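A.B. asks: In case you want the letters, here they are:
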Amino acid sequence: MQTVFSIGVDALAYGMVLFVISIGLSVTMGLMRVVNLAHGAFAMIGGYIASYAARDLGLAYAFAVLIAVVGTILIAIPIERLLYRRIYGQPELTQVLMTIGITFCIIGIANYIFGPTLKTIPTPETLRQSVSLGFRTVSAHRLFVIACGLAVALGLWYFIERTAFGVKLRAAVDNAAMAAALGVKTQVVYAVSFAVAVGLAAFGGVVGAELLPIEPYYALRYMVTFLVVVSVGGAGSIPGALAACLLLGAIDTAGRYLMPEFGEFFFYLAVIAIVWIFPRGLAGRAK
Amino acid sequence: DTIKVGVVGPFSGPFALQGKNFKAGIDAYMALNGSTVGDDTIEIIYRDIPTADPAQSKALSQELVVKEGVQYLAGFYFTPDAMAATPLLEQANVPMVVMNAATSAIVTKSPFVVRTSFTTWQTSTPIAKVAFDGGTKKVISVVSDYGPGVDAEAAFKAGFEKAGGAVVEAIRMPLQTNDFSPIMQRIKDSGAEGVFAFLPSGPTTLGFVKAFNENGLKDAGIKFFAPGDLTQESDLPALGEAALGLQTTFHYAVSHDSAENKKFVEAAAKAIGNPAELSFPAVGAYDGMHVIYKMIEATGGEQDAAKAVDAVKGLSWESPRGPVTIDPESRHITQNIYLREVAKAEDGTYYNKEIQTFEKQGDPGLAAAK
Amino acid sequence: MSAIFDVRNLRKMFGGLAVTNDVSLSMAPGDRVALIGPNGAGKTTFVNLVTGNILPNSGTVTLGGEDVTRLGPTQRVRRGLVRSFQVTRLFSEMTPEEHVSLAILQREGRSGKMFASHRAMPGVMDEAHALLAKLGIAQLAGHRVSEIAYGQQRLLELALALALKPKVLLLDEPAAGVPQSDTARIEQAIADLPADLAVLMIEHDMDLVFRFAKRVIVLAAGEIIFDGSPDAVTKDARVRQAYLGSYADARSVA
Amino acid sequence: MPAASLEIAGLSAGYGQTRVLEDISFCAGAGRKLAVLGRNGMGKSTLFATLAGQTKRYGGEIRLGGQPIEGIDSASRALKGLGYVPQSRDVFPTLTVEENLFVGLKARPRSAIEEAYAMFPRLKERRKNLGSQLSGGEQQMLTTARTILGQPSVLLLDEPLEGLAPVICEELMAAFGTLAASGEMTILLVEQRIQSALDFADAVIILERGRIAWTGTPAALAADQHTVETLLGVGGLH
Amino acid sequence: MTRDAIGVLVIAAFALVGYFLFPNNLALLTRITAIALLVLSLDLVTGYCGVATLGHAALFGAGAYGAGIAAAHFGITDPIAMLAVGIVSGAIAGLISGVVVLRAHGLPQLVLSIAIIHLAHEAANKASGWTGGSDGLAGIMPDAVFGLWQFDLWGRTAYVFGIVLLIVAFVILRQIVRSPFGMLCRGIRQDPVRVRAMGASVHGTLIKMYAISGAVAGAGGALNAISTQVVGLDSLSFTLSAEALVMLVLGGTGSLYGALIGTITFMWFEDVVSAANPFHWLTIVGALLIAVVLFAPKGLYGSVAAYFERRGRKGR
Ligand SMILES: Nc1ncnc2c1ncn2[C@@H]1O[C@H](COP(=O)(O)OP(=O)(O)OP(=O)(O)O)[C@@H](O)[C@H]1O
Ligand SMILES: Nc1ncnc2c1ncn2[C@@H]1O[C@H](COP(=O)(O)OP(=O)(O)OP(=O)(O)O)[C@@H](O)[C@H]1O
Ligand SMILES: [Mg+2]
Ligand SMILES: [Mg+2]
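Chains as they are written, first to last, in my numbering: chain B, 401 to 687; chain F, 714 to 1083; chain G, 402 to 655; chain W, 5 to 242; chain V, 6 to 321.
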């Protein structure tokens, strides 16, 4: 029984890390309809900035996170203006080509500037402790990530479903020309949403770095993971993404515990089963 | 004349760091020993294989031989890449100097293969003795599920059971494992007193070691044993505090205290740019170049693979890692294996501190396969 | 004559809303029926139900004596139940010629051929061009559909349905978006259909409805509220109030 | 916003490399009702799309209430008071009816949505449905209502009656008439049913292959049998 | 028709030029040929049927392992027989992945394909007795072609073998895509609902195309196994799948010509820049991809073809 609880805690924590890192992708893919394979690259940029700020400049963790998010957005703005703007509304495959190209470039540049080694982001003492749950200990950092995940989920859901901006964003995505004809400044809407998505990517990259460490190849190494959780959840749906992350996190964790040698099998068979049952994803938005 | 050496390795992609070390080792050797042998100038031609890809390796090796006209093939970080190129050697009359790939069987694939790195069996066997002698009798083995991992598991098991210990459970986990918490739970549940681990060097080692500590295994007194891939120097800055005290066995530590090594580290650090990136493939490449230079000397620059390989059989020299010999029969390197412990230096950096030496170790893997 | 197309007690709920509420309808070969009714009455849903594009909650659909309720849409088409779409559904990158040839080949069971070319099949090409000419879009045969005006796309939509040589044809607003100058073409094409074909047309253009229909069925809020002759329908108070409005006056005066 | 005038001079436009409109000039005074007629594919929709800023303009001027607007983007034109109801019912399929209407509000308070419901009670019943789940006619109502909610000073209606039940058509035309008469909007209308258009409008232009082929009053058109036959391809009006 | 004749002539001419201009690079050229078959097969399902997949290497790998295992474990070393085994294995793999992948659409479909390639990869890793696991399957020694032409160090035989295979496959595929069946597939890509309303079976048609695609990819895999005499796990990898997709989009989807041009461009470019700078070539490849999207959004072939189409229409 204790083991079950223990695995449950691990599953929850892992699922939440996945959620925090990939939710930004759900925004770009589901709402902006851009298959943004460079999502991981932005997460990685966030990680590098945070690492530089916290480790090399010795800034406080919270401050490093903030700088990472803002810095990544600043880096992303010209990329959005020059490159992404050209692929909004283009066929998915064109977007794949462009965003893979962007990923390659960012990897190359990161490798050149920071070298191929792992970069850590020193966490404050409070997050480094182990917290006892009675039946086991977990690191405080994991609990912190769970809290972040919940906060992000709630905030983002409110932003998209309840604010005027969210409605305009969804309208612009459905039919940009029509939204413009109704007075929606689609370019501004897109730019802001992109900034939000990139900011989330950076945030996820930083707080998730304990599990997915920052190195130049990060951008490609975890691309599939991000793509899978977002699509299984149903791109664009916050509850869907949350459900998918928790579910897949649980499957992955349980699989790795029960039969580690078949962990990969277990995980991908489960993915096939889920998509088989929910061909649009757990909470796919109707098209 | 110009003699060309083709070096195949991962110079981009997730293992770019290891490829970079190849180059650093080669550059260091040429910086210290000049780029000529007799009247011949040595030219290195690099070819990139980001991840294990035997077909690509074979195509590139073939291209190096027929198009670039290389007289020596070298490098090869991954076993399948080395294996794939061996059928070419005889027809092409080209020796291959393996600078990393660590599966025992490679040298048996062709009489023209010489290896200057190590084998997983070679580095994983001594740690079994260390574990048993340290009083650990029950161990769980946890390895990544691919060739080297399976080798490490077998090597440790053989050594540990021979010593009298018991491997209570052997887990193979997928290479793409991000979260090791469930594995740690398994280790806890197994009731073992120690864990033997093998993971490819790189980001996953960090996750593994952290999970080991955070899930309370370290505090619970479970011992941690691994070959030195896990604490390669270039990962240490990231591992940091978490790795402190980990004991591993390996053939080379950057901190190895010898004049040869000082010279090497200085030159290699200069070549690689950032000294913190220096790691074991560099020494494999450095010694590989030594072997190639000796081969060129022996053949006088003529292309004669058989003669070249014969010339280095039984060759002994003082490598940065210590005294080494090319075993005349297997053409694999006989060397010292060191037990090391991760320690903190005065300047706050972490390093592998050698604490015990197992002298003149051959490759037990070949014997085991027989 | 016996019914070729028979729908019994069809029912469909969307959430709590009964969009099709116990609808029964039967057509004999040669019937020309107009299905009219207020917006959102459930006309398109009815077509979707009988063609198998959505599943009913209950009820049966019989085609030529065979119960097809459990069959998928393609099976029903192959048995002669063909529809057109209210909003054009065409292959935007293909030409009208390709559209119609494909439909003809499909009808003849030759669309799976891999080592042949439709251009090399004179029968198919001739038929396709004749059909396009009849609807007045022969000059566009080689253009991409994405480049031709909406009204012309509507005509192609109809051509596709005709190419399948159906036994029962369901037309969902075939004239919507077609300018007055071209509705005549549509009428003519429908008038030229084989006499034993049963046609059901949904349309909001009352002039067209009254020229076409021998029988009018009115659907409101998912239920049939009227089934009878065109003359009778203009006199029905409920229909006038729910749907026709002053059109009924104009017509009864004329 | 009170009604504004719309003046167009020498406008040519098209799609990519294809030119569809050539040298179009006309003027619709504030509060006027103008019908744009023409056969299939003659460029009526292209004209409206061009006014709304959604095609490629090669030359010419567009003035809304005296201000040139040809240089600004679609959204800015809408914010300056240009309302556009396109021919293809462009509802936002993943938004609910209410959210669709919300987008049309521009800066108006949310409560104004009730105006749309008053106009089309059917929409109120379906307020929680997604756009994609509406019937054809309901989508048409939604598209029209959404634009009107933004209180444009010039309203471009591209076949707004398509797919609507006769009673609704009547009510809608009456409502448009009221909007124009009260001086709230200038209305430009494309309509296939020529009679409805003539009953409604106080001026008519006919497009033929992207050029203006005829201008005049509805009465003049009704009397000019020759024009009706050649330019509109209809055998006569009744 | 004539366009295809020209196409074949151009391929043959390219092949000849390659043979004489780069006699020392035939291994690379043969590899390009094998990958070209993979990309062609991907074009069948992606370009013509609109099925997004990141798992197409599963079909290629099935062909490679099929041919390799036949040779290494069953002594089937005649290259033609190995090719046949590869084609059949590929077709079967195509059938299976078709059934799975076609269950969903859009992103979930992409995910299904990713799951398939990972499962295939993992299965090959586990079945190391048959496949050699991560060390690769070695010991493939194909006989001489028709007992006459031995596979040599320079790779001449392999090259000619590959080119002949490519031309035959290309001619057959061009015919298939022009046929009524091909037209139906294009229809499905644009609007499956419409196709159903015409009485055609969407699922059945797509599965058929998937199997054909598998046969072509399997031929590519077999060629790879025959010419390099090893099969590694990389031939069943996500990376290869993704690269194939990139090559296809680079060249332009839905014409088969684009697939060829994309493959040649990408692999040749990659070879040149990675030889020129083995350390930082990824950045340059990335820049190439971005440039293509910016300046030739329909892919290299697609954009050129569109340009000439426009020119042609103006001329009329
Ligand atoms: N998937 C769905 N979910 C919920 N409601 C739906 C769905 N599809 C249709 N409806 C509702 O069912 C009703 C009937 O729609 P239908 O399309 O059949 O109307 P119609 O009679 O064809 O109208 P029109 O003349 O306007 O085309 C409409 O009110 C519509 O909103
Ligand atoms: N997206 C497009 N690309 C290229 N040409 C187009 C496009 N849309 C329309 N056209 C062409 O422009 C011309 C005018 O089309 P438009 O839609 O403006 O006609 P219309 O008068 O509104 O016709 P309808 O009465 O059918 O709605 C047509 O010849 C059409 O083929
Ligand atoms: Mg309808
Ligand atoms: Mg129009």
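Treat the hints with care, since some could be wrong.
No farther apart than 25 Å at their CA atoms in a straight line, the calculated lysine to any residue pairs in the SDA-like style are these [to be verified]:
1. Lys931(F) with Glu525(B)
2. Lys60(W) with Glu548(G)
3. Lys936(F) with Gly555(B)
4. Lys128(W) with Thr463(G)
5. Lys585(B) with Thr537(B)
6. Lys131(V) with Leu457(B)
Note that these hints are calculated values from the structure, not bench results.
Note that this is a predicted model, so its numbers are computed, not measured.
A.B. asks: With reference to the structure, classify each hint as holding or not holding.
C.D. replies: Against the structure, the hints:
A threshold of 25 Å between alpha carbons decides the hint, and for Lys931(F) with Glu525(B) the separation of about 19 Å falls inside it, so the pair holds. Of the supplied pair hints, the one linking Lys60(W) and Glu548(G) holds, its CA atoms being roughly 15 Å apart against a limit of 25 Å. Restraint check for Lys936(F) and Gly555(B): not satisfied, since their Cα atoms lie roughly 44 Å apart, outside the 25 Å limit. Note on Lys128(W) and Thr463(G): the hinted pairing is violated, with a Cα-Cα distance of about 37 Å set against a maximum of 25 Å.
Of the supplied pair hints, the one linking Lys585(B) and Thr537(B) is violated, its CA atoms being roughly 50 Å apart against a limit of 25 Å. Distance hint between Lys131(V) and Leu457(B) is unfulfilled; the C-alpha atoms sit about 47 Å from each other, more than 25 Å.
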